[in-house]
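With the hints as extra help, turn the sequences into a complete structure.
This is what each chain is made of:
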Amino acid sequence: MLEVRDLHAYYGKSHILQGVDMHVGSGEVVSLLGRNGVGRSTTVKAIMGEVAPRGSVRFKDQEIAGLPSYRIARLGLGYVPENRDIFPSLTVRQNLQMGIKDPRRPGKWKLDDMLSMFPNLASRADTAAGVLSGGEKQMLTICRTLMGDPDLVMIDEPTEGLAPLIVQQVGDLIADIASRGLAILLVEQKLSIALRISHRLYVMGHGRMVFEGTPADLKANAAVRKEWLEV
Amino acid sequence: MPGLVPGIHALIDNKQDVDGRDKPGHDGDQSKLRTGPILDRRIAADLRQWQGARVLELIFTSTLNGVLFGMLLFLMASGLTVIFSMLGVLNFAHASFYMLGAFFGYQVSRWIGFWPALVIAPLAARVLGAGVERYGLRNVHRNGHVAELLFTFGLAFVIEETVQMIWGKAPVDYRVPQLLDFPAFSVFSTNYPAYKVFMLAVAVAIFAALLIGIKRTRIGMIVQAALTHPHMVGHLGHNVGRIFMLVFGLGTALAAVAGVIAGPALVTQSNMAALLGPILFVVVVVGGLGSLPGAFIASLLIGLLQTFAVAINVSLASLFGPLAAGHGPSLLTDVWNVSVAQIAPVLPYLLLVLILIFRPMGLLGTRET
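So the protein lines, in turn, are chains U and L.
Going by my numbering, the first sequence opens with residue 4, and the numbers climb by one from there.
Going by my numbering, the second sequence opens with residue 467, and the numbers climb by one from there.
In short, the hints are calculated from the structure, not lab data.
Mixed in with the good hints, there may be bad ones.
What the simulated footprint calls covered on chain U by chain L, stretch by stretch (three residues with Cβ under 8 angstroms from a Cβ of chain L suffice, anywhere in the stretch; the number is not a length) [unchecked claim]:
1) 68-78
2) 100-113
3) 138-152
Glycine included, every Cβ here is placed at the ideal spot set by N, Cα and C.
Quick look at the structure:
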């Protein structure tokens, strides 16, 4: 579904992505692990067109590198950025409505379904989203992207800065989405969630992939964990 | 106001000197003196009433004019502040579109009349504004904010010079349409022109439409979201570039509406953009860059502030007159004798400076200017 080949990206003069190769199949849950600053977020940003990409990014057999991000989104690639960019002045309901790309062609996720999935969002459907807690904001950004009916969702650091209990909830939500057949590319630092829900994992180091395998492979490979993941 | 102003001989202080019936020794006459104070009191009451009426009249007309000026400012500031929020750039050419609105309005009025001009001129400005965004700003944007700022700066001059080439430097004869050329009502003794009431009505109607458009429509919701998080809006599959173009066009159209309706009431001249531009920036900064409610409050504030300041002819000296005596001529006496009306032009900028020092994000803004 998503094929990335020899992807490079730059911030000014620093060469952040130095030839990333990866792929995500249809309905597959893939995690992208690695320490801070190795280029995990930049990889998803480059795929989404927020950072100018060099190399090849194919989505549903179409070259998308260099397209404006709204076109990429319209092809069915959803993106949940790490900073939980909710629209603070809009209500929770409006935030969800913002996810709908074309109101004339409703997708499989309905606004009411979303709200019933999250009672604490439902009870605040008409309050400004800016007052939500960090965990609620994270739920809202994921749900908002789902409203656009994507076939693959890229979720960047969904559990960063959240309390353990909330981390558990977010993990459950992602597992729930995956169980409905959506492909997921999860950027994470917490091994526990990644190992629990992923079919396949990548570990990144210095702007390229240094490991690819199943959760079992990673558990077995102490050398990779020690060199590229553990602090 | 003949008839209302009491004659000088009736003034209390002068009574004894000008009463022609007075004869030597007359002052001692108790019977005559008794009518004096009664008459005095009646005259003093008349005088107070007359002064009171004048103050009321001043307050009433100044408030109306201030609100009107404020609403006109808002028509322009709303577009400017929204454009700033979205594109991150202060559009120096915004007031130029107000001027273009006035000149387009004038020209179309001459050809086919004022009422079609009221629709056609803003539409023309809108097309022009959208074109400027699409083919100008969007390309310049790649070179950063400074380039964009310089671009709008240059554009303002291009528009001004072009207007001068076509219509000349002298004011054009842009008149109030005959249908509205009558006094709407009289306040005390001043006639309030129907055209000003019309201007106010147009401004209020557009304000209401803008509010409903932003709060109640889907496109308004997307615009609101794009004000703070344009990238995220793009990631959700909305064409942010098209929204920018639309908003830029709408903003310039609003400025042009202000121009079309203000043109006949003020002077339609090639320097009108340069005259208004600075005040517009004051409004946007005081209200808080990017805040529509802030722009609304600041527009009214500046409108009222300027109108009242011009109307009130009071100096520190006249307020604290007796205290000032004995200072002798100095720089201080100059300051002492300056009236509020004289410092009126500086007040908005003073407010700007104070806001930037004490509340850099503006009254209702969320980010630093």
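Verification of the supplied hints:
Counting residues of the stretch 68-78 of chain U whose C-beta lies closer than 8 angstroms to any C-beta of chain L gives 5; at least three are required, and the coverage claim holds. With a cut-off of 8 angstroms between beta carbons, the stretch 100-113 of chain U has 5 residues touching chain L; three or more are needed, and the interface restraint holds. Counting residues of the stretch 138-152 of chain U whose beta carbon lies closer than 8 angstroms to any beta carbon of chain L gives 3, which reaches the threshold of three, so the coverage claim holds.
Violated hints: none; the structure is consistent with every hint.
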